[in-house]
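Number of protein chains: 2
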Amino acid sequence: MTSTRTQVHRLPERGAYDRESIYRILDAGFLAHVGFSVDGQPFVIPTLYGRAGDKLYLHGSAASRMLRELSQGVPACVTVTLADGLVLARSAFHHSMNYRSVVAFGIAKKIEETEPKLEALRAISEHLIPGRWADVRGPYDQELKATSVLEFSIDEASAKVRTGPPKDEEEDYSLPIWAGVMPLNLKPSEPIPDSPPEIPLPDYAKRYQQKSF
Amino acid sequence: MTSTRTQVHRLPERGAYDRESIYRILDAGFLAHVGFSVDGQPFVIPTLYGRAGDKLYLHGSAASRMLRELSQGVPACVTVTLADGLVLARSAFHHSMNYRSVVAFGIAKKIEETEPKLEALRAISEHLIPGRWADVRGPYDQELKATSVLEFSIDEASAKVRTGPPKDEEEDYSLPIWAGVMPLNLKPSEPIPDSPPEIPLPDYAKRYQQKSF
Chain X
1243 MTSTRTQVHR
1253 LPERGAYDRE
1263 SIYRILDAGF
1273 LAHVGFSVDG
1283 QPFVIPTLYG
1293 RAGDKLYLHG
1303 SAASRMLREL
1313 SQGVPACVTV
1323 TLADGLVLAR
1333 SAFHHSMNYR
1343 SVVAFGIAKK
1353 IEETEPKLEA
1363 LRAISEHLIP
1373 GRWADVRGPY
1383 DQELKATSVL
1393 EFSIDEASAK
1403 VRTGPPKDEE
1413 EDYSLPIWAG
1423 VMPLNLKPSE
1433 PIPDSPPEIP
1443 LPDYAKRYQQ
1453 KSF
Chain C
1243 MTSTRTQVHR
1253 LPERGAYDRE
1263 SIYRILDAGF
1273 LAHVGFSVDG
1283 QPFVIPTLYG
1293 RAGDKLYLHG
1303 SAASRMLREL
1313 SQGVPACVTV
1323 TLADGLVLAR
1333 SAFHHSMNYR
1343 SVVAFGIAKK
1353 IEETEPKLEA
1363 LRAISEHLIP
1373 GRWADVRGPY
1383 DQELKATSVL
1393 EFSIDEASAK
1403 VRTGPPKDEE
1413 EDYSLPIWAG
1423 VMPLNLKPSE
1433 PIPDSPPEIP
1443 LPDYAKRYQQ
1453 KSF
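Chains as they are written, first to last, in the numbering used here: chain X, 1243 to 1455; chain C, 1243 to 1455.
This is chain X alone, in the form it adopts within the complex (with noise of 0.2 Å):
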C-alpha cells in the first residue's frame, strides 16, 4: 500500500506499510480526521468510522458538506491518530511524542441501497461500542434517508509508529536532567446514565469501560 504519496520521507524507521500495522491502528482508533479540498482551500473534519476490510465507513447527516462533497468522488485522505505519550528528551532538540498514525489515501462514494447502507451503519457502530447496535431501536425510513454513508477506498496507505524512551544525543546522558516519558490514555469513565436506574448498565457497555485504546 505504498506510492510516492505515502512514502515517510522522514524517520523512515518509523514508518509502516503492511496492511496489517494499518488496520490495527485503524481498529484500536475510533476518530478520523478526514481532508479535502474545496476550491482549494483544504478542509480538514474530525468524524466517526468503522472499517471493514480496505473500506472506512463514515456517516452523517446529509446536510453535511463533508459527506456532499467526498461523495463526488474527490481526492480525500482519512488520518488516524492515537496519541502514547509525550517524549521528555535531555535536549529541547530530541523531545517528541509517542503515537501510533495511519495516513490513508482514497475516494469516497455514497452508499444508496438501503442494505449495504445499514450494514455500513452497523460496522460503524460496532467498531466504536461492539454489542450496541443490536440492542437499539433501529433507523426509520425517513432517518435513513436524512443520513449519508459514504465508504471510503483505501488506495494506498502508510502508518507511523513511534515508541518508546527518549533518544538523546550521547554527551547529554550524563546530564542532571529527567528524561522519560509521560504516557498518555485514553480511557473510558464511569458511565453517565440517562435512562431510569432499573434498567442496567449492558454487558457490552461495562466492557466498552474496560477498554484501552
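Derived by calculation from the structure, the hints in this document are not laboratory data.
Heads up, a few of these hints could be off.
Treat identical chains as interchangeable: a pair holds within one or across any two.
[Unchecked claim] Pairs of lysine-lysine residues, derived as DSS-like cross-links and limited to a Cα-Cα distance of at most 27 Å, are as follows:
1) K1453 to K1429
2) K1429 to K1387
3) K1409 to K1448
4) K1448 to K1351
5) K1409 to K1387
6) K1409 to K1453
7) K1448 to K1429
8) K1387 to K1352
9) K1352 to K1453
10) K1387 to K1453
11) K1297 to K1351
Being a predicted model, the structure only gives us computed values, none of them experimental.
Using the hints provided, position chain C relative to the given structure of chain X.
Relative to the frame of chain X, chain C by itself:
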C-alpha cells in the same frame, strides 16, 4: 472569525465563533491535524503545536514534507479535536459523540530568525508541558538549522462542541434501552523514567500527571 468557509452548516447550535471558545479548545488540546493539498491531493498530518494569540506554531524536521509545503504559503487547515465521550441514544440514529473541536483556516510562514524561532519553540514546549523548556539543554545552532518552525496565522476559525446526554425522539424515551454517555478522558499515567533514580521527577511533571484535557 467567520465566513462561509467556517460556517457550521449542520446543527448550528453546536457552532461557536468567538475567540474565547476557540482559544479555550486550542489551549486544551496539543495534537493538531494539518491539512494541505499537493497537486490536488489533500494530506492530513498529525502534529504538535503551540499557540500565542491568533498564531499557532508548528515545528519539525527541516526535511518534513508538511513543513516544506506549508512554508510556501499554501492555504491550510488546522483542526484540533478532543473526544469527550460516546453518546448512546435509544435509537441508532441519535447516537453521537461529545467532543470539542476547532477548525482553523489560514496560511503558514517559516520563521527564519533565530530569536523568534527559539521563542516559537518555547511556546510549543510550554503549551505541551509548562516548565519543561527551562529545564532542558537548549538547541545547538545545527539543531536549530535542522528544525523548521512555522507560524500559522488563523484567518478564520470555528469551534464545535457537543456536551450532555443523548437527545432521543419523544416516543423512544419509554423504550427499555440503556442510554447515556460513556465519557472518554485522555489522562497521563505513571511516568516512565529514562534518567537514573537519583534525579527526581520535576514538579512540572507531577503537575502534568494531574492534567486533564
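Right, here's what the structure says about each hint:
| no. | hint | in the structure |
| --- | --- | --- |
| 1 | K1453 to K1429 | both (7 Å within a copy, 14 Å between copies) |
| 2 | K1429 to K1387 | neither (34 Å within a copy, 39 Å between copies) |
| 3 | K1409 to K1448 | between (39 Å within a copy, 22 Å between copies) |
| 4 | K1448 to K1351 | neither (35 Å within a copy, 48 Å between copies) |
| 5 | K1409 to K1387 | between (53 Å within a copy, 19 Å between copies) |
| 6 | K1409 to K1453 | between (30 Å within a copy, 25 Å between copies) |
| 7 | K1448 to K1429 | both (13 Å within a copy, 20 Å between copies) |
| 8 | K1387 to K1352 | within (12 Å within a copy, 46 Å between copies) |
| 9 | K1352 to K1453 | neither (31 Å within a copy, 41 Å between copies) |
| 10 | K1387 to K1453 | neither (33 Å within a copy, 42 Å between copies) |
| 11 | K1297 to K1351 | within (11 Å within a copy, 36 Å between copies) |
Checked against the numbered hints given earlier, this structure breaks hints 2, 4, 9 and 10; the rest are met.
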